[in-house]
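*Asks:* Chains G and R supply the protein sequences, listed in that same order. Under my numbering, read the first sequence as residues -3 to 631, first letter to last. Under my numbering, read the second sequence as residues 16 to 512, first letter to last.
Please note that a few of the clues may not be correct.
Below, a list of computed lysine-lysine pairs in the DSBU-like style, where the Cα atoms sit at most 35 Å apart [to be verified]:
hint : chain 1 : residue 1 : chain 2 : residue 2
1    : G       : K20       : R       : K460
2    : R       : K127      : R       : K378
3    : G       : K540      : G       : K454
4    : R       : K127      : G       : K20
Computed beta-carbon distance windows for the label pairs [said to hold, decoys possible]:
hint : chain 1 : residue 1 : chain 2 : residue 2 : range
5    : G       : V581      : R       : E176      : 22 to 28 Å
6    : R       : V59       : G       : P163      : 45 to 51 Å
7    : R       : I25       : G       : D73       : 49 to 55 Å
Derived by calculation from the structure, the hints in this document are not laboratory data. Just so you know, even glycine gets a beta-carbon here, dropped at the ideal spot from N, CA and C.
These are the residues of each chain, in order.
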Amino acid sequence: MEYTLFIMLLPVLMFLFLGLAGHKLRPAVAGILGCCSLGIVAILSYYAAWQYFSMPRVNGIYQPVTVFNFEWLHFTDKLHIDLGILLDPISVMMLVVISTVSLMVHIYSMGYMHGEKGFQRYYAFLSLFTFSMLGLVVATNIFQMYLFWELVGVSSYLLIGFYYSKPSAIAASKKAFIVTRFADLGFLIGILVFGYFVGSFNFETVGAGTGFGGAALLGDAARVMVPLALGLMFIGGAGKSAMFPLHIWLPDAMEGPTPVSALIHAATMVVAGVYLVARMFPLFIDYAPEVLHLIAYVGVFTAFFAAAIACVQTDIKRVLAFSTISQIAFMMVAVGVCTAATAHEGLGYMASMFHLFTHAMFKACLFLGAGAIIHAVHSNEMSHMGGLRKYMPITHITFLICCLSIAGIPPFSGFFSKDEILTACLEFSPVVYWIMSIIAGMTAFYMFRLYYGIFWGKEARHEHTPHEAPANMTVPLIVLAAITCVAGFIPFGHFVSSNGETYDIHLNTTVATISTCIAVVAILLATFMYRKAEQPVADMLGKKLRGLHTAAYHRFYIDEIYQFITHRIIFRCISTPIAWFDRHVVDGFFNFLAWSSQEGSWSIRNLQSGRVQQYAYAFFIGVIALVLILLFVVI
Amino acid sequence: MEFPLISFVIVPLLMLLGLWLARTINQIRGVMVAGSSILLVLAVALTYCYLSARSAGVQDEMLFTSDMAWYAPLHINLTLGVDGISVAMLLLSAIIVFTGTFASWQMKLQTKEFFLWFTFLSLGVFGFFISIDLFAMFMFYEVALIPMYLLIGVWGSGHKEYSAMKLTLMLMGASAFLLLGILGIYFFTGAQSMNLVEIANHLHMDPKMQNIFFPMTFVGFGVLGALFPFHTWSPDGHASAPTAVSMLHAGVLMKLGGYGCFRIAMYLMPEGAAQWGGVFLVLTTIGVVYGAFSACVQTDLKYINAYSSVSHCSLVLFALLMTNYTACTGAILQMLSHGLMTALFFALIGMIYGRTHTRDVYKLAGLMKIMPFLSVGYVIAGLANLGLPGLSGFIAEMTIFVGAFSNPDTFSRTCTIIATTSIVITAVYILRLVGKILYGEVENKEYLKLTDATWDERFAVICLIFCVAGLGMAPLWIGNMIQGSVEPIVNVITSSL
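With the hints as constraints, model all of the structure from the sequences given.
*Replies:* See the structure below:
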């Protein structure tokens, strides 16, 4: 399967080509080149997936394939960074997800970014991102993952700051990079601890992934330290996947172009944290189940917190951003509630990967749909929209399908994956199950609030009539919506499961009924509150719960706390004093040395006056002193 | 296979002669370009010869050695020889001298004298890296220091007299300690030569004496390697120095410090190093974090970069003090990486300053629109600085951290974890800078008239970016070359414990 190398090479070559020579090309040419290269990548990925999953199973498990692996940087004989391609069920699944969404975004951007300055640069960055993300998922060792992890961070930084003359975009890109970098510090230290105690970075050696025959056996010292290492790695994952309290960068990242939000901040990069946990899953299960459950609790809180905020936001991209945070938290919870690697206890693992897959498709579609709307009305605010269903039928229908899917209405894909997650939660603890069910209801509610706010309700006055987006934007929407309609019927457990063996998904009818009922009730509630132009109930609730509403609208002031810490504490209380100390105390000491020797020289310089009398006088006194010393001391 | 190492000294000498004879600016440029190209070719050829000799199985610690008596009564010889570390350093120096020539293409004021001193400075640097005789190393070290005074004092900017004086005095003060240290080594080992390989492998110095002379030597070199709290010459000195001098100074001269600490102080006095290691480890850890925090609030581009250099060079000394193969290899890689990227940074700052006549971050904004080439270069330099994979910073820092963490004691681990926080702080100051000066709208309308880089500037910048990216993408060959030479030294240091 050596051709998988081209999946990696094409985007990076395209990045170099467009980055170096892009400004000499016509924008359309650059766009078409980008789309073509991504098209080839997608075809190769599908082919790889088909070939991989049609290979015979060994002991009922799909065997991991290391296509190639070479040493890139040598630390010690055991520890080295290798670069390579590892194909196993989850990495192949990720290849499919990334190349599909990326291809759709490439095509969509041809329309969305039409006429923007820096079009070629945009495509260069998209290629860089795609390359980095692909490199991350096919990593053969944890350090390669970290390496590409940093690269996706930088591509995200560059793309969020694409409109670099907008101050808000600059601030958002900076924030995204620094917050995730801070989390990556945890990841790096985790890798250091892991590498030292386990003695290898290689996934195959440590048994990270299904099909390696379980986690490596560890010594006593390693058993103590590996949970710590995995916990630290999770901090890195929490940063990228926007878990509370490291989620603050994601809503701001919406400053980037909307297709970028769809690709990076909804479908691919933000699930890297989940992917990391899934990758290290055998180690988590064997050595650190308590860390895994901690992840589940962090996920439950984040899911709730983000869903609550999503209910009151008015910027459509922010609603989707908080919805993304909440949905990724669902995936985290699903992995976290696993108690063993067997098919039944490890159901959450499969559910999480399944939800990752379906969520990537429908959330990308929602973001792209939001992009089409923003393109039409030139605003992100819900108050500037309303009644758009008449003008944008395709966008409307695809958006509705995806909303139904995320709300968990059968037969759309979200229903199936969410149902598996809830079943896994029920196995773990009824409390977690009920909380997650309620959050699923909140999801349905805020998504339909968004849907009615955009397509129904009061029609805002437009300067010129909104119109449907061009074909290169609607086709990706249709494709993604079509995938959303059918993806639920994929026998996902046949491809990915916690121990690699085939797992037949069968719906738990109780869970399915309850969750569908909750979703329907939530949708009806949203319909009742937001469908009409006049929204008395919503206004009244907003007034009654003003305090809560305001707090949620301001995202519970977490950003202000961060602002306080970074500006007041780090800049004012650490950096400024250190800089002052350096200039005045450390440097002051050396200046004082220089000054004192200068002063000293000035004061003794008068001794060399050149006057003979003075010298004779000094000579005379000296002689007398010597004589006195000789007389009284020596004798 | 033989390689005439002495040519690294002869070529600069011929360049000096050529410059002296040159009449017009084009002749001066011609001499500089020819000379620095020859040096670059020599360095590349040396690397090739070195690698092929190693792959042919030559096991000697030093290759291409030659020995000339200089002053027999004191056993002072001009002993030359290189190992992987010095080859890497020579390559770095040659690249920076070469690009520095192009970066100072537009030098108008007393061009001839400027290049004369510049070449003299390079002579010292090259001489230092090819010699393995203590006295010769010391002499070349001094040769490299003195021209700085004139180069900053005459061709500098800002408080140039103050900075030049400060820099020279602090480094001279340090070299006084250094001389004491060298004399101590010479007399207390009872050496019959000043060849440091012989001293290290055959002679042993009384541990009590090592405890006295190790800190002297280490501080003596450490001042040049920005050891906290002796780093304060660096911000002022770099800020005032002209572009090519900043490049050479931060890029190469600061490396003399780390190189000397490793090659002389630690190699020859391992017991002293073990005794004093903890103290200096604390100082360097402070330096790493302290430099990074100081850089966060600076307002002058060069000060930001100078503090960033303090942070990165402290990391070099930090890694050396960890005394294991991986960390020490990382230290040498960090020297290379820091040399290249800081040279790139200073070159770009010089070019921006040459256009806008200010380095105040609050006065510059929106440069990306006016000078896209320089701005993109700046972003790349910044990303290299904050350790983006694929550029040189990443490989060096990761090697250091993995190496440092493999020392099992809690003390070094704690220091390592503190030092790793610098990757976040570095991101803060780099992104602050990029956001302030490159992005945003152009505020000063005067700047709209400015032009992007000229061909000579583009050439220098592209060469450096090429090297930064090359080192970052294909680190294995140079890493192996360095590690092969670090091992015998680290073996000597650790075997005495």
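*Asks:* Which of the stated hints cannot be reconciled with the structure, identified by number in ascending sequence?
*Replies:* Structure breaks hints 4, 7.
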